[in-house]
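Residues per chain are reported as follows:
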Amino acid sequence: MDQSLNIKPTALFDKVIILQALKDSFKKFHPNLLIKNPVMFLVAVGSVITTYILIEDMIGGYFSAFNFQITVWLWFTVLFANFAEAIAEGRGKAQANALRNQRNQIVAKVKSNGGIALINASSLRKGEIVICEAGDVIPADGIVIEGIASVDESAITGESAPVIRESGDDRSAVTGGTKVLSDKILIQITSEQGNTFLDRIISLVEGSKRQKTPNEIALTILLSALSIIFLLAVSSLPAFVQYSVSASGQSTQNLVTLPILVSLLVCLIPTTIGGLLSAIGISGMDRLIRQNVIATSGRAAEAAGDVDVLLLDKTGTITFGNRMATEFIPADGISNERLADAAQLSSLADETPEGRSIVVLAKEKYGLRGRTVSDIAAHFVPFTAQTQMSGVDIPARDGIAQRIIRKGSSEAIKSLLKQNGKFFPQVLQKIVEEIAHQGSTPLVVSENNEVLGAIRLKDVVKGGIKERFAQLRKMGIRTVMITGDNPLTAAAIAAEAGVDDFIAQAKPEDKLNLIREEQANGRLVGMIGDGTNDAPALAQADVGIAMNSGTQAAREAGNMVDLDSNPTKLIEVVETGKKLLMTRGALTTFSIANDVAKYFAIIPAITGTLYAVNGSAGPLSALNIMKLASPESAVLSAVIFNALIIISLIPLALRGVKYRAIGASAVLRKNILIYGVGGLIAPFIGIKLIDIVINWINLI
Amino acid sequence: MQLKTQIISSIKILAIMTILAGVLYPVLMTVIAQLVFPNKSNGSMIEKKGEVIGSELIAQKFQSDKYFWGRPSAIDYNPLPSGASNLGPTSKALKDFVEERRKHFIEKNFLPPNTIVPTEMLFASGSGIDPHISHEAASLQLDRIAQARGFDEQKKALLKTLVQNHIEAPQFGFLGEPRVNVLKLNLALDEKK
Amino acid sequence: MFTFYDIGQVVFYLVALTILTPLLGGYMARVFAGEKNFLTPVFSKPENFIYKLGGIISANGMDWKTYAVALLIFNFFGFFILFLLQLFQSSLPLNSQGLPNVSWDLSLNTAVSFMTNTNWQSYAGETTLSYLVQMAGLIVQNFLSAATGIAVMIALIRGIVRKTANDIGNFWVDLIRPTIYVLLPLAILFTILFAGQGVVQTFSNYKVVTTLEGAQQTIPLGPAASQIAIKQLGTNGGGFFNSNSAHPFENPTPFSNFLEMLAILLIPSALVYTYGKMVGSTRQGWTLWGCMMFLFVVLLTISLWSEYHSNPVSQTSAGMEGKETRFGVTNSVLWSVATTSASNGSVNAMHDSLTPLSGFIALLNIMLGEIIFGGVGAGMYGMLVFVVLTVFIAGLMVGRTPEYLGKKIEAFEVKMAVLAVLAPCAVILVFSAISSVMNVGLSSLGNSGPHGFSEILYAFTSAAGNNGSAFAGLNTNTLFYNITMAIGMLIGRFGVLVPMLAIAGSLARKKIIPASSGTFKTDTFLFALLLIGVILIVGALTFFPALSLGPIVEHLLMLKGQSF
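For the record, the sequence lines run as chains V, U and W.
Just so it is clear: in the first sequence, position 694 is 746 by the numbering used here, and no numbers are missing.
Just so it is clear: in the second sequence, position 80 is 604 by the numbering used here, and no numbers are missing.
Just so it is clear: in the third sequence, position 17 is 99 by the numbering used here, and no numbers are missing.
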């Protein structure tokens, strides 16, 4: 299958995307689109005003180079903001297009009236039954109602190993766009066309149905209000200047022309954040997508940053999921080799991961090569619920007596011995208890009613997981491990993995209850789940990530889907959410802090000549602390700076502010220093430099 | 219905509060003040020969050379109503006033032209009836008063002690400015004869 | 000359204020929460009696809308009665001077002014209002407007503290408790102290005397002490006499001056502690208090520096225009900063005659929203507007949806907070712009040049900030100013107060998120710095153009010795 169909990372700036974005940024001048961003709309209105004045002047036979340049830069300001949004959308669009192409080529074999009809996948209806054979692409989301097949889901997940899909259990869900590799299955379509999982991914990736998130709305309100405040400040200025002109007895020269007022307004309103706000939101979603996580709403991506508690299944998330033999502990008087030999023999036919790990351990530690059961004519005794044991019976041969080897829980072996009038050795009882105490599972091996020793089966914690949890703790997130194990085992694993809390012997409803309880205490809960019984908890959690390998029910219930089905992904998701919010905060702070310098550029430009005596500079020219060359160059420099800062911050908006798990106070201190203090100082330097340049090349 | 109850409650509470805070409170306070501080609560009036000649807290107009002059007043010492010039720091009018007052004070008090006149004699007070001046401002007026009253050097020295005796130190030794009450000083001056 | 002796007075004042803050603050926290305190035995019976008379069930909580409606209705009646009292004062008792009825526009302005805790005075008390109006009208509103401010603050605290609740308390209880447990006892105490210093408290007629030089002088009297006590404690500021606390009968001695200054900031400062106590962390309270005190000291320093600096125009330094000898420059400046930090507005020196930068500080204090201690209740909830904005902007930077004391700050809170910033800002800028180009505005000016503009700017700033102090050279007893300023005062009061109640209601409905190491902390030095930054940038930057054409340019011109 064509690899380009995967949702794969694209470079931050791709040539094709940039060209497309340039085109799109002109389309975004449409008033209906502009009005959605009040700050930039205000800039556009200002641009229209200055353009009108420019044209009116030209009709009157007068051309002001200053007004012309101001007008051009104001339009650029809007254009740059449009470009930021377009480029953020562009990357999603490119990916969405590839997916859409793929979908449109699919042909479905629909079962109808005993026959099979070939129809285009896009006209499939919910409830229809389609047949997929090896090599077919599954036309739409559905459940397997008959048969079993291996399916290549790499188009959606990027995971190349095929997965098994079969009717009737947790693995019955199939996704449109994936490919059947072997066998034949009957699929009942569960979603209408246009509403399949693939469709949803396409529209999410594309950002076409993007709605403002709650935090984005709040920020937009703040930015709009600031714009109104500055609009008041700017529109009251002509009256104040008029008073000053008449109070100083100066000739009524027109100090405050409309283009200058518009310039002042545009410089003061938070255009930096206003222009980049939607790009930040879109690229936040995009970052998730590049981690192969599809959030069903921006709200979910944002909420991820707020998560206080993470619920993690032990199995598969914290541990590898299988217990593995890590040690043989012989009983008194028994050699290690004998125990290992017996243990291996008893496990040769045992295909469970535990059984295999015993064979492997015996081989690694004692050099015992695996033998096949048939070679020694052994009779394998499988595990049953009644006996709680498995083992092997090796008939007497070559002078060796018959061997009856059993392995099982200590309780099972104990009762076996009891039936035969033997006792369980006290010492081994102690060993068994200790193994259990350490969170491992003891298996006892006996041969011919003699106890040989114990095998330690251990839940192996994934490497690096402890560090991840430590990071989470620094972020202020509490981790809770959910496990069906007994409290003792659970506690040991919890300690080893470094989770903050655990719930042992958890029943499915315990998860839901825990989530409700944490939420009642005001906490936001994130969880990852895959099974059908996780669906209620996923739905209840504030951030519920369903694994793509999971059931349809689970995928529907969560508000994110992890295409990689990687349970530790939750951590990246949280980080992405935090980055999203941090980027908004940082650029808002930067934008507002910029105003100080802009005032010092423009106010003296407007008021510098007021109350001047005998042609000397007016007293307020003292406010020109940047020593900008002339009023015109001061205003122009500020406007140019204001426009350029938008374009130069696009990479930051797309990439996001760096996040490290160092605790809220440290993060804040760092960001304040960079974006707050930096935002105060940067424009002083920037405006001064631009002023030098435009005077050098005689723009004014 | 809710609105109606609230309107009724509003009126009732307002009535109760008006009686409590608007009538009982000021009346009770007046009774206590009249009993405990009868003179002060009635305006700290000063009597001369059984006749009330003013309040020690309210400045009177003194323009005769025989008296200590108080601070300039924007209301000409008529406290109906009290008030100030409200002239700002860059006011031409204020600048002229200050120059005129400086000149007037220096000339009338036979002071050397470069004398630094205490600022309270150059600027009008906030109330227009500020009863105090600094002791420096009082001392600078001694020559004029002595001459107007025909005092000899010995009596003039007494005049100096009179001013000294009328200095009110900062309250509790540190609050406010040291000052002289012009009306009290002039009353004492009249008694000196 | 600025001496150690002056520093000593300032330090003494600040230390006294600091010491009293937790004492009074702790007491108020108990009172507002309805807990037992040492005055319960005295006041619980009268309190319950008032509830009974008023038909109030004190246990009944209100949602924010009901609370706001009750508050508005109550304030309306307060306004209306005061309006009527003035209109018909000549036919009412206790008018020994036979003062005529007050014009409708002045009555309207004054009634709005006292109901909104502004106490702007377009009138001169001693020649306009009868004893009855001053007592039954003004004193009552002095108490009730202050209590209204406290009530809103208590409601807001409940909003913060309560979990998923609708009710933010009972307005009547929140109004009455502060009145009888806090304002009334303190007012009685201060009245007696003032009377002991020489503040008049009498129902006698004005006294006509023959002066030493033989002229006639009419000395106005009246029940002033009782009004002054509450005017200061309730951050009202409306003087009994025209020249307010510069008048020797309102403020006769340096000690009375000290007490009055103390009374200006006493309750506002203590309420910050009360706030901390009631939200469950005095550290939160002290952090905000620290910001306030820091700004206060910085602004006071600038103001003192300016006032002691020489004025090349009149060739003096430490000018005494509009100041009283007994207070001197230091106490006048200290008062001017205190009265504009709080929304008090009483004066002991004329602000119009302060040096440009001292006038600038006074203006700036009000423009910032009077959040440096501020008006009783109003200062605290005004500060919370900035806290909400700071938490929102800075909170994002730690990568979480911003939260304050466990409550999420979301679109609704931001909307209400910016409304509270926008409302007074619009009043100041729009009305100042109109007045500075129209003849109706300009004809009232008392000064020309940039100072004239400062007078207009100050008037509407004072109105919008519900301060009440003035650059009094501006004659505002005109139809134009009486009406525009009344509108300004109403918007400045209720345009902030109602949004704050809305925030209270919205916060009360939310859950409380327990703090973690990922939470943005609001009781740290870093937060204090941020808050100050937001106050200065968001609060002051808007007014930078206006300020530069008023006091700033005047300062620069004064240094050049230019006069107008």
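Since the hints were derived computationally from the structure, they do not count as laboratory data.
Be a bit skeptical, because a hint or two may be false.
[What the hints assert, rightly or not] In silico lysine-lysine, BS3-like type, Cα no more than 30 Å apart, as pairs: (1) W:642 with U:536; (2) V:514 with V:679; (3) U:590 with U:572; (4) W:593 with U:536; (5) V:264 with W:497; (6) U:619 with U:572; (7) W:134 with V:264; (8) V:482 with V:470; (9) U:616 with W:642; (10) W:245 with V:679; (11) U:528 with W:147; (12) U:528 with W:642; (13) W:289 with U:590; (14) V:88 with V:67; (15) U:536 with W:118; (16) W:289 with V:526; (17) V:264 with W:603; (18) V:722 with W:603.
[Claimed, not checked] Partner residues aside, some chain W positions facing chain U, computed with beta carbon under 10 Å: (19) 119; (20) 122; (21) 124; (22) 126; (23) 213; (24) 299; (25) 434; (26) 644.
Note that CB positions come from ideal geometry on N, CA and C, so glycine has one too.
In ascending order, which of the hints set out earlier in this document are inconsistent with the structure?
1, 2, 4, 6, 7, 10, 12, 16, 19, 20, 21, 22
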